[in-house]
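Visitor: Just so you know, the protein sequences line up as chains A and B, in that order.
Residue numbers 1 to 235, in the working numbering, belong to the letters of the first sequence in order.
Residue numbers 1 to 322, in the working numbering, belong to the letters of the second sequence in order.
Everything labelled a hint here was simulated from the structure, so no lab data went into it.
Being a predicted model, the structure only gives us computed values, none of them experimental.
Every beta carbon over 12 Å from chain A, so not counted as near; a handful from chain B, in silico:
1. T32
2. R89
3. P105
4. A109
5. S128
6. P129
7. L135
8. L141
9. R148
10. V195
11. G214
12. A248
13. A305
Chain A regions said to be covered by chain B (calculated; three or more residues, Cβ under 8 Å):
14. 12-25
15. 64-78
16. 89-103
17. 113-120
18. 142-154
19. 159-173
What follows is a list of derived Cβ distance ranges for each label pair:
20. B:S128 <-> A:T44: 47 to 53 Å
21. A:R234 <-> B:I247: 52 to 58 Å
22. A:F82 <-> B:L36: 22 to 28 Å
Glycine included, C-beta positions come from ideal geometry on N, C-alpha and C.
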Amino acid sequence: MYMMESPETIRTLDNVPLELPLAGVASRGLAFAIDSLLLAVVSTVWFLVIMAVTGGTGLAVGWLWGIGLVGVFLLQWGYFVFFEIKMRGGTPGKGALKLRVVSSQGGTPSPSALVVRNVLRMFPDMFVGVILMAVDPMSRRAGDRLAGTLVIHEGGERTGPALGKIPQGWGGPEVAVVEAYLERAAILEPAVSMELGQRIYHWIERDYPEMLEGIERSGRHPAAVLHDVFQVERL
Amino acid sequence: MEYTRWVADRRTLWDEVDARIEAARARYSGLTFDDLEELALGYRQLLHDAAVARARYPGSAAARRLERLAIRGAYVLQGDANPERFTVRRFYRTTFPAACRKMLPHLRAATALFLLAFLFSGAAALSSPELGMRLLGAKRLQALREGRLWTESLLTTAPPGAAAAGIATNNMTVALMAWAGGTVAGLGPIYALLVNGALLGGLFGVTYHFGMAGALLGFVLSHGPLELFLVLMSAAAGFYLAEGLVIATDRPRSVTARRHALVSVTVVVGSLPWFLLLGIVETFVSPQTAVPTLLKAGLGLSLLATYIVAAFTRRAARGEIR
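Pulled out of the complex, with its shape left as it was, chain B reads as follows (with noise of 0.2 Å):
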């Protein structure tokens, strides 16, 4: 075959299907069944081409613009998308308690090493608060010396709205930051989780020693409870991370470790919105004295029961994530 007339014989549809992938490129939602079918038929005759000017011709003006015409058209076609259009609505229904029953495990994991944390330095702070005090530094310590707790400043050191933003942008943060420590073998979770398991502990131990748990309880009531689910939920995906990472299976690493991150950065993406509401709850509620233990427990838990029930619920145990 000649390559002259070979071109000659074939650029017409090269031409065509260059010209119909830069219109699917161009408006890939008015795409219909027709074009999408017209042009996967002309893409396969491309590809046909391409190959017979990789083999025969290589190098060649026409090799050259058949690989990019495929590479181009193989963008347009092999998406790997959910053909399904994202909503938030389908996202919270399906995708992200599918994702978020696939941490049980781990959440069990993350909870265990948050309470060894939380027990031993708890019970380090108690038996010897002069260790417990250098967790908190010299204003919080002043504060607790004066019988108040250092908490009282969340209503005073800034405007309430921008505190409420500093304090659930710093936890969505550290949930990202956790998840994506998953990457080091599992280790970002794992400090994540000794931290503010060392540091809670270490603070009740602190605060029970100058006769002030019971105030500081009542100001974490409130938030607490999510908030602490949720470091234990990011932990968790974390871990699920790491375990695509280092877990050996029958499957290829690679393949796994994708999976596993796909998965799990669904749980903490679909977790930072609650975020936002534990800010405003930490800003607004957590803080008020007025406001009766009894009903900032019950805040804290329906907030708990809420997320609980929005994460795992049975029926989108079939959801996809890809």
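Excised from the complex, chain A in its bound form (with noise of 0.2 Å):
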């Protein structure tokens, strides 16, 4: 079967297509504020364990005021990229929205690429970053074309409900229909839940009434009765 390939697809081994999940402009700016917040905190923190130390004055107080430039100078620049080598792709920021910087055929970037994305992050991407995300269909910054770059979405549950029991002549359509609702069943509006478990209920009472025998139906949420009927476990 032909597919349309989105930008965001990239070929693996023996030419398997796999479609990255990409993090969009959004997540990618909180995770920054997270991480710009964090460094504006262990900054602060610096400067005053500077003070406190240079109390007094002399020599030594100049070397320490060096070290304490010098410390700031390798936070404002090597912040990121000391937590994208160390973590792996993650930040403290990206690791508490679960999104992750991985090659452009979603491995493991090389050391210089993460340099070269974060060196790039003070210019031009301070200024242009936020348009060129905007506007790219894979929500690169310059920093991310040049090093081949992207950000994913890791985030999501491990595993889902998947169907045990299906009708014969069930297809990927129909079993993915009822997984996608029964994912979502609890977390939908109650009235909008019903009414969708009712269609499914019905679906399977008119063409396959077989599936319903020996299944307790009464005073059930629909969810619930087809969470027996097809025998649903996680995978």
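Put the two chains together into one complex; each comes in its own frame, and the hints tell you how they fit.
Guide: Listed below in structure tokens is the structure:
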């Protein structure tokens, strides 16, 4: 079957296509805000420590201020590089939002690539990064383009409800509809959840009545009934 | 093939690969060859299943789980990083010189542009001292009128350690920004070269007017040669970055640009520690009038020679940058 490939589709071993769950401007911006906040706190603490230690005067104090300045420089330019190398594409902010930097093929980016994307964070991305991300179908800023990196979502449930029993002849679309409903039934608005559940239930009742044999139905939410009908398990 | 039977048949493999991927992510450095081989074999089977699920059961729980696992597995197995462990020694012995050697044509262009700005500004300041004086500002001009260089303030206005760090971090920022400015079609390094060349030329022109050019030369001799060379190298790296973005080749621009960015950033990052050394020299040696000019010149040229040997030595021409 021919399938249209979106820009975030990568080709893995044996030419198998994979669709990367790319992070957009909003989630990346939020991760950046968390990191910036943390950076500001660490820088402030660093300065307070230097100020506390350099209570006196003299040559030694001058060196401590020097160390303080170099420390601020390293924090400013090295925070993202350090964490993205040490946390393999993550930072505390990205970790909080379950984001990760990957190579354009979904692999681990090289340290050089992480340095490139983070030096370019200061220029030109400080000025045009958001615009570039907004207009790029893969949400890349200049640093990502030149480093060959992408930022993806790593979150989401590790497992979802999978049907353990289905009617004869069911294919992908039928399975996907029921599994999608069962996964969301608890978080949908109660009325919507009830209505969708009843529609699936009536469909089964009409076309596959044998599936309902022996299933307790009275007074139960359709999602619970369907759960038993399809012998759902976590996959 | 029925969905539920297929899932039942294959899920043991998926669980196994899932566990292997998670274990690998938790301890990359502890992976043995056998671990990787088994993971790669399982991953290949998993990719096959992902392709089946994508084609026959799109949107199903199995398809989504397989896609997620395949993405996690790709992250573990398709690393861009050099398989050799990074060490500072290896970086400065192979990677850094290999990158620096690629900058030579761009270094020539950067030097020519800098000299142009230097000579033009110097000539302008010599022929019209008022023009050059505008470069200095009131305080520096006052110092010159009193027959001394403004650089003496390096010893009096801030503790030497802080001054050294201030100079070094400022220069490192300039170098990084000159490189990053290469993304704007090379305008960043051009700006850095013109400003630095014009400033230095203007300063020499004005100090010559006040009969203090020799004193200025004495001040810059110990740190100036290498500092200027590092500015030229940063600008050359910026040009190299710009070349990857602007010049059309027979390879896709995205590939060329990425390659040029990775090589040129190596030059700038590898040069940063030298700025720290120069900050110390500029603060503790350069302003000392007691240090003989010849000794300062010797120090300045030795620093430059050491950097050039470290950056361009031929033994590292095969160093790989990834």
